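Trainee: Given next are the chains, with one letter for each unit.
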Amino acid sequence: MSLVLDVMLALAVIGVAGWTLLVRGNFPAVIGFVAYGLLLALVWVRLGAVDVALTEAALGAGATGVLLLFAVVRLRGGKAEIDAATPSPPQRVAAAILCGVVGLGLAVAMLNLPDPAPSLAAEATRHLPLLGVGNPITGVLMAYRGLDTLLEAVVLVFAVLAIWSMAPDRRWGAIPGPLFPVQSSGPLSLLARVLPPIGIVVGIHIAWVGADAPGGKFQGGTILAAMGILAWVAGLWRLPPVASRGLRWAVVAGPLVFIGVGLLGFVIADGFLSYPPGFAKPLILLIEAAMTLSVAAAIVLMVAGPPERPA
Amino acid sequence: MIFGVTGAALVALGLYGLVTQPALLRKILAFNLLGGGVFLLFGVVARRGAVADPVPQALVITGLVVAFAATALALVLVLRLFQITGAATIAEDKTPP
Amino acid sequence: MEATPGGFLLVLMLVVPVTGLLLGFALGGRLAERMALWLLPPGLAMAAVLVAGLLHAKAPVVAFVGGWAPPLGLALRADGLAAAMLLTTALIIAAIALFARADYTTAPGAPEARAPLAFWCFLLALWAALNAAFLGGDLFNLFVALEMLTFGALALACLDGKATQFKAELRYLLFALIGSVLYLLGTVLLYGAYGTLDILLLAEAARADAPTIVAASLMTVGLLGKMALFPLHLWLPAAHAGAPPAASALLSGLVVKASYVLLLRLWFWVMPAALLLAVAPILALLGAAAILFGSLVALRQARLKLLVAYSTVAQIGYLFLMFPLVAGSAAEVAERAWTGGALQAISHAFAKAAMFLAAGVIARALGHDRIAELQGAARIAPLSVLAFGLAGLSLMGIPPSGGFSAKWLLLQAALDSGQWWWALVIVAGGLLTGGYVFRVLSAAMQGRSAPIFPLAPVDAAQERVALGLAVISVLLGLLPLGAFGLVLIGR
Amino acid sequence: MNLFLTLFSGAAITAGVAFFIAGTVALLRFPDPLSRLHALTKADSLGLGLIVLGLLPWAGGWLAALKLILVWLLVLLAGATATQMIAEHIRRSEPPP
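Residue numbers (our numbering), protein chains in the order written: chain A, 1 to 311; chain B, 312 to 408; chain C, 409 to 899; chain D, 900 to 996.
The following block holds chain A by itself, in its conformation from the complex (with noise of 0.2 Å):
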């Protein structure tokens, strides 16, 4: 049954996938992509990773969907263009077979993999303990390769930076992003008022529960980044102009505690990013406190872009 059922969720991937890149239109590919993210979630939860289907469903189907939307909407025209550089069907088969030898290789590769299979999964879970967290994904994240994790917030921070940059001289300072009129009536502005409360509730319950169940960080956070970009595009919240103090310390807040509690690890403990005895969880939920607020940032400032507006 099970296996059917597995059968079918990877076929019906694929199909996606394969609609996706064939489709015409823009706009359509976007949407095959989000329902492909979606069931890529929910190979996630049958490979028993509901933490990665959250960030999957949230981040790579959600926030990656809103992200391409805009850019849809934006980048209309370009067609005749588009069809001169298409490439000869030579140059595509060339390419399909090359791309066929890839997945070919890894298919064989994957199929051969040793066993009995390798796994860290006995030693990750026996130090949690000393780390009073119950979740093993959040005890690798923030402890055992809590350099990855840091990495990975800084380069949240390198993004927003860069995608700023990439603005006309006169708009540095301005507001990010499209302005959107208020919406006083109709559905969105309904929406925008009667869902964020409940978002922004369940986004930090997300990113509290992460230390011992399923969620974390980065799902909590991009949760809260949603209610952010729905409040946003009503025109019932103002993005702040890239110029202000508040919004760039937001965004640096995570990865500065981050490394805050890393340095005091020197003190207080064996080195960078060890945790004392005892300690380890508040200071955990310390550091996943201020990465929540700062992925929230970043992830609505990356879906706004470069400032355009002026303050």
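Don't read these hints as lab results, they were simulated from the structure. On a predicted model such as this, the values are computed, not experimentally measured, just so you know. For each residue, glycine too, the CB sits at the ideal point set by N, CA and C. Hints may be right or wrong, so weigh each one.
Straight-line alpha carbon distances no greater than 20 Å define the calculated EDC-like cross-link-like pairs of lysine to aspartate or glutamate that follow [to be verified]:
{"#": "1", "chain 1": "D", "residue 1": "Lys-966", "chain 2": "D", "residue 2": "Asp-943"}
{"#": "2", "chain 1": "C", "residue 1": "Lys-570", "chain 2": "A", "residue 2": "Glu-308"}
{"#": "3", "chain 1": "C", "residue 1": "Lys-466", "chain 2": "C", "residue 2": "Glu-743"}
{"#": "4", "chain 1": "C", "residue 1": "Lys-466", "chain 2": "C", "residue 2": "Glu-740"}
{"#": "5", "chain 1": "A", "residue 1": "Lys-281", "chain 2": "A", "residue 2": "Asp-169"}
{"#": "6", "chain 1": "C", "residue 1": "Lys-466", "chain 2": "C", "residue 2": "Glu-410"}
{"#": "7", "chain 1": "D", "residue 1": "Lys-966", "chain 2": "A", "residue 2": "Glu-308"}
{"#": "8", "chain 1": "A", "residue 1": "Lys-281", "chain 2": "A", "residue 2": "Asp-212"}
{"#": "9", "chain 1": "C", "residue 1": "Lys-570", "chain 2": "A", "residue 2": "Glu-123"}
Cβ-Cβ distance ranges computed for the label pairs, FRET-style [what the hints assert, rightly or not]:
{"#": "10", "chain 1": "A", "residue 1": "Pro-28", "chain 2": "D", "residue 2": "Leu-972", "range": "26 to 36 Å"}
{"#": "11", "chain 1": "A", "residue 1": "Pro-28", "chain 2": "C", "residue 2": "Arg-579", "range": "24 to 34 Å"}
{"#": "12", "chain 1": "A", "residue 1": "Pro-28", "chain 2": "C", "residue 2": "Leu-506", "range": "47 to 57 Å"}
{"#": "13", "chain 1": "A", "residue 1": "Pro-277", "chain 2": "D", "residue 2": "Lys-941", "range": "55 to 65 Å"}
{"#": "14", "chain 1": "D", "residue 1": "Lys-941", "chain 2": "C", "residue 2": "Gly-569", "range": "26 to 36 Å"}
{"#": "15", "chain 1": "A", "residue 1": "Val-108", "chain 2": "C", "residue 2": "Arg-778", "range": "48 to 58 Å"}
{"#": "16", "chain 1": "D", "residue 1": "Thr-905", "chain 2": "A", "residue 2": "Pro-277", "range": "13 to 23 Å"}
{"#": "17", "chain 1": "C", "residue 1": "Leu-887", "chain 2": "A", "residue 2": "Gly-278", "range": "49 to 59 Å"}
{"#": "18", "chain 1": "C", "residue 1": "Trp-446", "chain 2": "A", "residue 2": "Pro-277", "range": "35 to 45 Å"}
{"#": "19", "chain 1": "A", "residue 1": "Pro-276", "chain 2": "C", "residue 2": "Glu-410", "range": "16 to 26 Å"}
{"#": "20", "chain 1": "D", "residue 1": "Arg-991", "chain 2": "C", "residue 2": "Gly-569", "range": "33 to 43 Å"}
{"#": "21", "chain 1": "C", "residue 1": "Arg-579", "chain 2": "A", "residue 2": "Leu-11", "range": "33 to 43 Å"}
{"#": "22", "chain 1": "D", "residue 1": "Leu-965", "chain 2": "A", "residue 2": "His-127", "range": "26 to 36 Å"}
Residues on chain A that point at chain B, a partial pick, calculated with CB under 10 Å [claimed, not checked]:
{"#": "23", "residue": "Arg-74"}
{"#": "24", "residue": "Met-110"}
{"#": "25", "residue": "Val-182"}
{"#": "26", "residue": "Trp-208"}
{"#": "27", "residue": "Leu-293"}
{"#": "28", "residue": "Val-295"}
Since the structure of chain A is provided, determine the placement of chains B, C and D on it from the hints.
Mentor: Leaving out everything else, chains B, C and D in the frame of chain A:
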């Protein structure tokens, strides 16, 4: 293992789209399809043992965030190029600049 | 391997520039510039102390972040190669910062502007990313470092906000993203096969089975795309030549080297020797093709910056000649080839940074960079032309430059190991390099009958920075051979 | 009691799935966007409602049951809003003949 083969197929599909699609937006879309396939392989590797291995799952979360940032950055570049020149591809210019 | 004392230094080399970037971004305006300049001395000092410590202890420095040992935790390791690259990075970053003060300064009290803020933040960002890429001991951690590097490099290259830049950088981004994906596919297969991504643990365990071979091919192709080895070089010339001078110098001099060091780690540490023996000649063949192709195309360029960029395509080729010379050779020959390869990476970094900075000064002074119309450049910007010439000597491999030592070591290793055909490539590449360098110099040295005035005033400090880098690239050849023993530590 | 619950859940979920299938068929077969939307939302809200109703007895606690109902309400809200907006967009872009 079904999903292992699925992941490999998605990688092949995404790679093909990334190489052959002329429009930049569609290339970026294909890159995200491709990313989904790669991450799926991590999930399959994590699931091979008796107990799910949290390490590859955590790597996927990191990877998803990085892929999102890359997508955002690429789209802004595409948008700015479009705003300045009206071009939606990076085909070679027929006329020298 | 155990963590060693002094490991905190490795952590600080990551954390200090990152903190500077975060604070500079948040505080904004003039403080971002201040932050970058303040951090130069401590950054340089850390790199110097690390090199000195390594030379003294003759052993690598290792840190386990958070106290978690691999395979669960992440290790940072500084062997001789990493330490040498870190010091190179610190010196070139410092030089570029001094060069860029004239272009990206914010006067006291002036409102914050886009380009300066982005430049100073991303200078620190690239520094952190390069340090992370040279120190990383875990293949996934290195993936994140490479992504940081790509983002930072991209932002710096687009700093002028021109459409041509956006186009060139988009092409670069697409190559880099495909490269990252292929690399990531390799890491997942390696994790599936060995349950770790730590380089040293993988080195102990690696077998020549199907998953490992597929992983190695994917990761190698991905990294070659990122470092633009022929025939994956298509993105590089436009991306490097179109960027502002300070960014070009960073991209061509340092950023491609991060992928190179990672490739070395992959093949000389992780992969079993039998695989390496099979692949080394292929890599060297591509390298040889890059040397000949890149040099020939550089010879035919009409624009100075594009010439310098194609020269990078060629010089990257030299880095790959070392593979068959190290693999399977007697210990002494292998050591010579290894030192030659590392020295080529370092001396090219200095020489190419100097060349791009000098080309930037010349292009700005003349208002164009058409080689055929460079007459009088030597009179307007004499130090820059001198810097270009000295850097050119190093690229050609004229004694006593660093480039000479590097190429001489590779040449000797080629002859000693009976692979004389690589020696021919080295010599031919040197001659072609001489051709394009002299083409530029002879045009620049020619006087012009009419008096010539610079379009923009030439900043003497900028010229001196370019010259300083060129002089270092030459002086590297005068370093006693003992100093080269550095890159052999922990091999 | 248990048998009754099983039967009840089975019936509710089957009915919910039937609504989903009907909605999907309608989405594919109906001629114009407005009637497609109409069919889709009816099927979705009712279908999901029935499935949630069927799952409630098995939720294992009040909190989980509340969460299930909250999921349904949120989908209702989102679905209704999206439909309204799409419909409004259609009305503005294609005035009826």
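Trainee: Next step is simple, just say for each hint if it's right about the structure.
Mentor: How the hints compare with the structure:
1. D:Lys-966 with D:Asp-943: holds, 18 Å
2. C:Lys-570 with A:Glu-308: holds, 17 Å
3. C:Lys-466 with C:Glu-743: Cα-Cα ~16 Å, so holds.
4. C:Lys-466 with C:Glu-740: holds, 18 Å
5. A:Lys-281 with A:Asp-169: Distance of about 45 Å is beyond 20 Å: violated.
6. C:Lys-466 with C:Glu-410: Within the cut-off at roughly 15 Å; holds.
7. D:Lys-966 with A:Glu-308: violated, 40 Å
8. A:Lys-281 with A:Asp-212: Distance of about 10 Å is within 20 Å: holds.
9. C:Lys-570 with A:Glu-123: violated, 51 Å
10. A:Pro-28 with D:Leu-972: 26 to 36 Å: holds, 29 Å
11. A:Pro-28 with C:Arg-579: 24 to 34 Å: For A:Pro-28 and C:Arg-579 the Cβ distance comes to about 27 Å; the hint holds.
12. A:Pro-28 with C:Leu-506: 47 to 57 Å: Holds, since A:Pro-28 and C:Leu-506 (Cβ atoms, about 53 Å apart) stay within the stated range.
13. A:Pro-277 with D:Lys-941: 55 to 65 Å: Distance hint for A:Pro-277, D:Lys-941 holds at roughly 58 Å.
14. D:Lys-941 with C:Gly-569: 26 to 36 Å: violated, 51 Å
15. A:Val-108 with C:Arg-778: 48 to 58 Å: Since the Cβ atoms of A:Val-108 and C:Arg-778 sit about 52 Å apart, the hinted range of 48 to 58 Å holds.
16. D:Thr-905 with A:Pro-277: 13 to 23 Å: Given about 49 Å between the Cβ atoms, the range is violated.
17. C:Leu-887 with A:Gly-278: 49 to 59 Å: For C:Leu-887 and A:Gly-278 the Cβ distance comes to about 51 Å; the hint holds.
18. C:Trp-446 with A:Pro-277: 35 to 45 Å: This hint holds: roughly 36 Å between Cβ atoms.
19. A:Pro-276 with C:Glu-410: 16 to 26 Å: Holds - the Cβ-Cβ distance for A:Pro-276 and C:Glu-410, about 22 Å, lies within 16 to 26 Å.
20. D:Arg-991 with C:Gly-569: 33 to 43 Å: Once the Cβ atoms are compared, 36 Å apart, the range 33 to 43 Å for C:Gly-569 and D:Arg-991 holds.
21. C:Arg-579 with A:Leu-11: 33 to 43 Å: About 35 Å separates the Cβ atoms of C:Arg-579 and A:Leu-11, which means 33 to 43 Å holds.
22. D:Leu-965 with A:His-127: 26 to 36 Å: holds, 35 Å
23. Arg-74: holds, 6 Å
24. Met-110: holds, 4 Å
25. Val-182: violated, 24 Å
26. Trp-208: violated, 17 Å
27. Leu-293: Status violated, d = 15 Å.
28. Val-295: holds, 8 Å
When the structure is compared with the earlier hints, violations turn up for hints 5, 7, 9, 14, 16, 25, 26, 27 and for no others.
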